[in-house]
Amino acid sequence: MINRAIEKLADEVRASYGQTIAPVNLEVIAEGESISLVPIEKSEGFHGRIEFLREAASFVIYYPDPNFAPSRQRIRFSIAHELGHYFIESHRELLVAGKSHDSTPGFICDNALEVEADEFAAALLIPVSHIEQRLRRRSFMTLAEILKMGDDWQSSARSAAIRYVRYTGEACAMVVSKQGKLTRYIPSDEADGLGYRFTGTKIVPESSAAHRLNNDPSKHEVEESHSTTKRWFPYLRDEHDLHEESFRLGGSGYVLTLLSISYDEDERE
Amino acid sequence: MSDDPKANREERAVDALITGALHSWSPKDVSEAEVNEFLSSNVELTESEKAALKRVHEQFLAGQTNAEPSNEFIEEQTMESPYMAMNRENAKDQVAAETRQEVERKRAELLAKLKAKKRSAG
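Chains as they are written, first to last, in the working numbering: chain A, 1 to 269; chain B, 1 to 122.
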């Protein structure tokens, strides 16, 4: 489910700075707000930080220098996250009161603030109106289309997939795995409503598209497989057709999988 | 009897246990008062009766619900924000000392620059 208030705020920020086409220019937004963007070279384990410099009455965002950090999209997400702390009024008040913010665990003052800043970042980087527009033409998107959406908006593939899964009316779920082990599972509201709130497995099932990608590093395209929900949800009694699409996320060892569940409308209570 | 199938099963199970307990007493000859007296007493179940009751409970659960994944799955697969994982994954608990030093140095440089800009504007 998406946070309407944060979506609205992100829409307003983009509109204020004319950022209506892909990709969103974060530098323009920061400059417009007189926020200094300062790259940090020695950025291992560091994802970003926003501060209010009292002496200069000015905000600054430190972020990993793209020349020394592995993923430009990830840096964009971090900058957008810090901008979330600036644009969300209650966060800005804390910053002005002297509570700076590091995007690292252990330095988080309040998880709820982090969640809001994450939601803002995702909403800022891929407008919900774009997903709406795509889904107006057809009620679902394929993984290839989601990946292209991520590319177009210069947002990470994972963020684009989460954005889709959280917005779509399709019964589907995103799975992230690494070396055959599940690291994340995010169902759509529809899948959740059908009972697919959790998978019943900690490892990628044999014969699945994700399993084939794990076993064959030469595969760099979207891998597909058709099965039933028993494969990923063995504990559930109900069984539906399941379409799997998996994609290797660069050289990170992570595999992104989109599970699409087919069911009859009258099964939904 | 309730319309709720779950409640029906529970009621039928309780009825069956009571009937079974009364059966050896030749229920045809048992009056309402005797039944009430039996129900109000502290009935000690035998081991076999306890096992039978447990079986009824297990059968009831198996018939009514899907099996659930373990708490371990639930904890692993539940999070406040799916994006958080992306932003924090592999991040260290604390910013490295050299990162902090660089931040401090660049903050000082920025402050000097901003102050100079303010002076020249004023």
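Keep in mind that the hints were calculated from the coordinates and are not lab data. Treat the numbers as computed from the prediction; the structure is a model and nothing was measured. Cβ coordinates follow ideal geometry from the N, Cα and C atoms, glycine included. It cannot be assumed that every hint is accurate.
Simulated restraints on C-beta separations [said to hold, decoys possible]: (1) A/A97 x B/E104: 15 to 23 Å; (2) A/G251 x B/R119: 45 to 53 Å; (3) B/A52 x A/K219: 30 to 38 Å; (4) A/K219 x B/A121: 38 to 46 Å; (5) A/P70 x B/R119: 33 to 41 Å; (6) B/A121 x A/K8: 34 to 42 Å.
Going through the hints against the structure:
{"no.": "1", "hint": "A/A97 x B/E104: 15 to 23 Å", "in the structure": "21 Å, holds"}
{"no.": "2", "hint": "A/G251 x B/R119: 45 to 53 Å", "in the structure": "49 Å, holds"}
{"no.": "3", "hint": "B/A52 x A/K219: 30 to 38 Å", "in the structure": "56 Å, violated"}
{"no.": "4", "hint": "A/K219 x B/A121: 38 to 46 Å", "in the structure": "58 Å, violated"}
{"no.": "5", "hint": "A/P70 x B/R119: 33 to 41 Å", "in the structure": "40 Å, holds"}
{"no.": "6", "hint": "B/A121 x A/K8: 34 to 42 Å", "in the structure": "35 Å, holds"}
Violated hints, listed in ascending order, are 3 and 4; each of the other numbered hints is respected by the structure.
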